[in-house]
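Whenever a hint applies, use it, and build me the whole structure from the sequences.
Numbering-wise, the numbering used here comes out as the position in the sequence shown, counting from 1, plus 3.
Errors might be hidden in some of the hints.
In silico DSS-like links for lysine-lysine, alpha-carbon gap of 27 Å or less [unchecked claim]:
id: 1; residue 1: 13; residue 2: 117
id: 2; residue 1: 55; residue 2: 13
id: 3; residue 1: 55; residue 2: 9
id: 4; residue 1: 85; residue 2: 55
id: 5; residue 1: 85; residue 2: 117
id: 6; residue 1: 9; residue 2: 85
Label pairs and their in silico Cβ distance ranges [to be verified]:
id: 7; residue 1: 87; residue 2: 10; range: 26 to 32 Å
id: 8; residue 1: 123; residue 2: 9; range: 26 to 32 Å
id: 9; residue 1: 64; residue 2: 24; range: 42 to 48 Å
id: 10; residue 1: 51; residue 2: 106; range: 19 to 25 Å
Since the hints were derived computationally from the structure, they do not count as laboratory data. In this text, a Cβ means the ideal position worked out from N, Cα and C, and glycines have one as well.
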Amino acid sequence: VEMVVKACVKGDLFGELALLYNCPRAASVHTVLWELDRATFNNIVMEGVQRKRNQCLTVLSSVPLFAEISRSELENIIDALKMERRPHGDVIIRQGEVGEHFYIVYEGQVMASKVTEDSPDPVMMVHEAGDYFGELALILDAPRAA
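Here is the structure:
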């Protein structure tokens, strides 16, 4: 029985996990694509991929929320992460919205503001590499707090 597990769009990649872990593919693909054979992937791409995975592992290991998670579980999280680059001033989440995503700052800074009844001015916070936000809306199934 065929089941769609992912609908790829222009620029998506797939198949890297089978090459990284030297295991069978988990799905079949029906598309027009470019491909790299294992030798080329290992010689050219693998080093960069491993370096990036190690950088991600370092950042995730510093996140207190993940303090009790095993390396294997952290690697599973890395496999599920999507890198997003946001322009300066872009709004990532809004206070009061429904939360669907959790964010970890990989590099740079994120400015957060929270409106409270106690102050006419918003409370400002700066998040830097290794900091995270958005988890409370997911954990508590509540609107965004900031």
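Give me the numbers of the hints this structure contradicts, sorted from smallest to largest.
-> Numbers 1, 7, 8 and 9, in rising order.
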